[in-house]
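A.B. asks: Each number in my numbering comes from the position in the sequence shown (counting from 1) with 12 added on.
It should be emphasised that the hints constitute simulated quantities derived from the structure, not laboratory data. Keep in mind that this is a model prediction, so the values were computed, not measured. Treat the hints with caution; some may be incorrect.
[As the list claims (entries may be wrong)] Simulated restraints on C-beta separations:
hint, residue 1, residue 2, range
1, Pro89, Arg115, 16 to 26 Å
2, Asn87, Asp114, 15 to 25 Å
3, Asp35, Asn87, 24 to 34 Å
4, His102, Glu79, 15 to 25 Å
5, Gln66, His131, 17 to 27 Å
6, Ala49, Glu79, 28 to 38 Å
7, Leu96, Arg64, 31 to 41 Å
8, Met116, Asp94, 18 to 28 Å
9, Ala75, Glu37, 19 to 29 Å
10, Arg115, Gln45, 27 to 37 Å
11, His131, Asp76, 12 to 22 Å
[As the list claims (entries may be wrong)] Listed below are the simulated SDA-like cross-link pairs for lysine to any residue, each with C-alpha atoms no more than 25 Å apart in a straight line:
hint, residue 1, residue 2
12, Lys56, Met70
13, Lys50, Glu124
14, Lys106, Asn78
15, Lys91, Gln113
16, Lys107, Leu123
17, Lys91, Asn78
Backbone N, C-alpha and C fix where the C-beta goes; we use that ideal spot for every residue, glycine too.
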Amino acid sequence: MESLTPELLDSSSPSSENYSPEDDEMFWALVHQGYRAKFDDPSKAEDIQTLRQQWGTMRSSVADFNENLTEIWPNGPAKYLDTLPRHDRHKLLKKVLILYQDRMGETFEYLEVWNLLTHHAKWERVLRPLVL
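With the hints as extra help, turn the sequences into a complete structure.
C.D. replies: Pasting the structure below:
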């Protein structure tokens, strides 16, 4: 998944305890800006409020997926999966996807989002409370 916007990932990472309403507005404005840029006709993109609601739905699923991963592979943060050989990483993620489907009764649809969140440590302090 490409970065949402260079500004989002290049910004300094505020700590979650100091994450103000203004920071929240800026965060979602940058997310929306990057999201709209993906459309040939930006007027067809969802508005910021809809994106926030969709994030609420994703957040729960991503947290459940991450819990399943931690149960199967309790060896540290998910980003360390990259230290595994590609075949082993793929096999492990497949197990987690199957476990998620068995437990939740639905397919995990947010693997790209989960992957993005696990690889952008710069935003970890802000995103962790939102995800977990």
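A.B. asks: If a hint holds in the structure, say so; if it does not, say that too.
C.D. replies: Cross-check of the supplied hints:
1. One distance hint, 16 to 26 Å for the beta-carbon pair Pro89 and Arg115, holds here, with the actual separation near 22 Å.
2. Taken as a hint, the range 15 to 25 Å holds for the pair Asn87 and Asp114, whose Cβ atoms sit roughly 22 Å apart.
3. For Asp35 paired with Asn87, a C-beta distance near 32 Å keeps the hint of 24 to 34 Å intact.
4. Separated by about 20 Å at the C-beta atoms, His102 and Glu79 satisfy the suggested range of 15 to 25 Å.
5. Range check, Gln66 to His131: about 21 Å between beta-carbon atoms, so the 17 to 27 Å window is met.
6. Take Ala49 and Glu79: their Cβ atoms lie about 33 Å apart, and the range 28 to 38 Å holds.
7. For the pair Leu96 and Arg64, the beta carbons lie near 34 Å from each other, so the given range of 31 to 41 Å is met.
8. Between Met116 and Asp94 the beta carbons are some 25 Å apart, a value that agrees with the proposed interval 18 to 28 Å.
9. Taking 19 to 29 Å as the suggested C-beta distance range, the pair Ala75 and Glu37 conforms, at roughly 24 Å.
10. Take Arg115 and Gln45: their Cβ atoms lie about 36 Å apart, and the range 27 to 37 Å holds.
11. Separated by about 19 Å at the C-beta atoms, His131 and Asp76 satisfy the suggested range of 12 to 22 Å.
12. Straight-line distance between C-alpha atoms of Lys56 and Met70 comes to about 21 Å, which keeps the hinted pair within the 25 Å bound.
13. Taking the CA atoms of Lys50 and Glu124, the gap is near 16 Å; set against the 25 Å cutoff, the hint holds.
14. Among the hinted pairs, Lys106 with Asn78 is consistent with the structure: their alpha-carbon atoms are about 13 Å apart, no more than 25 Å.
15. A C-alpha spacing of about 22 Å is found between Lys91 and Gln113, which places the hinted pair at or below 25 Å, so the restraint holds.
16. Restraint check for Lys107 and Leu123: satisfied, since their Cα atoms lie roughly 13 Å apart, inside the 25 Å limit.
17. Taking the CA atoms of Lys91 and Asn78, the gap is about 11 Å. The hint holds against a cut of 25 Å.
Of the numbered hints listed earlier, not one is contradicted by the structure.
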